Amino acid sequence: MAELMRARVMMTSREGVAWNSDSSARNAGRRGWASTIWLVAGTLAVALTSYSLSLQVSNERRETDRLAQRNRALETDLKALDAELRVRMRMPQLQRWNDDVLGLMPISASQYLASPVRLADYGKPLPGDVPVQLPSVQLAVRDVPMTAAPLGAAPKLIATAAPSAPSGAIARPVAEPIAPVLASAEAAPADLLQQVEMLGRAPPGTDN
Amino acid sequence: MSPAALARTSIRLPGHRQMALGTARQRLAVGILMFGALTLLVGLRLAELALFDGAPRHRGAAVASPHLRADIVDRNGVVMASSFEAYGLAARPQDILGDKAAVVAKLAAILPERDIAAIRAAVFHDGKFRYIARRILPEQAEAIRRLGEPGLTLEREAERLYPHVGLAAHLVGYTGIDGRGEGGMERAFEARLTDPEKRNQPLVLAMDARVQQALESELNDQMVAQKAAGAAGVVMDVETGEVLAMASLPAFNSNRPGGLTGMPSHMNRATLGVYELGSTFKAFTIAMALDSGAVTDLAERFPTTPIAVGRHRISDSHPKGYPLSVPEVLIHSSNVGTARMAERMGRDTQERFLRQLGLMDRAPGEILEAGRTLTPPPHNWGLSSVMTVGFGHGIAVTPLHLANAYAALVNGGIYRPATFLKIAQGKERPGRRVFTERTSLLLNGMLRLAVLDGTGRRADAEGYRVGGKTGTAEKVLETGRGYDRRRNITTFAGAFPMDAPRYVVVTMVDDPSAGLRSAGAVAAPVFKNVVNRIAPVLDVAPSEREPDVAPFEGLYVDRTKKPVP
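Residue numbers (our numbering), protein chains in the order written: chain A, 1 to 208; chain B, 1001 to 1565.
Calculated from the structure, these hints are not laboratory results. One or more hints might be untrue.
Coverage of chain A stretches by chain B, computed from C-beta distances (three or more under 8 Å per stretch; other residues unrestricted) [said to hold, decoys possible]:
1. 37-48
2. 69-80
3. 84-93
4. 107-118
None of these values were measured; they are calculated from a predicted model. Glycine residues also receive a C-beta, built at the ideal position from the N, C-alpha and C atoms.
Based on the provided sequences and hints, a complete structural model is requested.
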């Protein structure tokens, strides 16, 4: 009997051990699942965040691409407009306008003053024997009455100004005309008259 | 539950479950690792994009259009040639689905500037493919695309625009229908202009559009007035060798070059056409004689009586009747005087100097249309040739050759080959010495006197101290044997300001046929007008400071001095 009892106790104790081990395994399994769920949830969260970030990046990129495309289109438009402007103000065209209407002439040597002091002193007689330097300012611009001279029939100029951007030489102290002065036949530039005359007569000498 | 069953369960269950759990965990771990790795990868890529990738790479216009070429600009950035996207429209008649007449009508409405007959011919023709129009605008291309006709093909191509139309047509060049450069700089720099790496950097020329315009318009006016066959001109910086302007007339519209390249208007008279430029060579002969020691004394007098050499007879056009001093030989353009100087220095010296001045080589510069000079053949370069070359006959060079050699003559004696590209400051080329500084200085004085007192009086632009030499040469007969006495090539080669020369200008009018036909009356006034126009642009101020003519005191009759009453 005692034997049996011992055996039963042993059995019970063994059973207890078995029960104990089963519950701990179940606990461990539950912990495992929990951590797995956490891991999956975490991964999903990170993946979703990353995906949304990636989406945002791609959106930004698309936007930049669109902007770049628009920039390119604008650049092309700008270039086309610039080209149109350049074609309209092309050198031969400016020359034609000048020949027909404006009649600007290159600055002549006599229109240069030696120094700014001379410019400030312009017109005043200088003391002593220094000759007065009087640039012929009225010769810079020719003013043709439009009714008298139609565009096509404007007289041909001997020399016309190069339509040009301002250069260093032009920025020199030069007596610029204050206002265009009506140039009658008598007031025509001496240089012009001289050249017209020269065109009509035989040259002073020939060469070989 | 029986104890036996209990025992069985308690023995079997833990192992099985643990094994299953272990496997599940293993798989889960692998899965998580994979997720983790993937997430890490995405994260890293995001970080890379955000931190290291910079601005998004977008396709540039150049990539979009493989035919675009780099711009060509002048030295101040003025655009001379520029490319635009355009389309070529072609028809594949067999693939046209709708009514062809309706397609023609629609195309004519979209392309009003095109000939409707040409459109109809292209749409109705029997072949597989035919161009209807090249270089149509993007808006028109879009309208055609909207027609949705599969038989119409739009091809992207580039349109080359020359805003200044015909200005510097020969220098800048033009492109053919396939977009390749076919002349001038467009042809010479084909590889550079189409290089994708350099497509955004314009090719900067040495040319100044303002100077070019002045030169072209003045030459054109004279060409029309003189009813001449053509004209050419060069403006060159004497110190750097940069060509600021180069004109060849008649010119053509670069935007619609048309025709064949063999047409007279397409011939570059400044770099390809070789001409006997006559008396302009006398300055070289005198410089050679002084430099080589053949003539040591400026006061030495050369008789002007005609010389007979072989079959030739050399005489002066306007004989003075008395022996001329060295400066007078240039001032009065004496053929006999220069021939005697050439005779004295001999063939070897003459050939050596001509070679050093680049007058025996092809035209300098980058342009491929470079003419080869015509010189006496080596086996027949005898005394007669030496003498005629001495005054510029029997040798044919391009106006660019002449300008380049004059630059070497007046700049202190240093030859630098002409270049059409802008030279950056501080990158000037050293060049090679041809004449001594003294010779150059003496020649500057003599060239000034030739304008003040000699044949080039009409070239004297007031205040700009012009110096130069006229050259009138008879044209060679069409048969190639002998000269035509009625047809001349008139040239003026000179520089300004002669007290410190900065620019060389060469003007040439080919076969003037109205009025006087001498260089003094035809080419010299063009020179004067050009100098008057370009000097302010090039920052040359007028002055009364003349070059040093003291060494020639008493050696010439100064006709500019007023007689003392």
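In rising order, the numbers of the hints this structure does not comply with: Result: no hint breaks.
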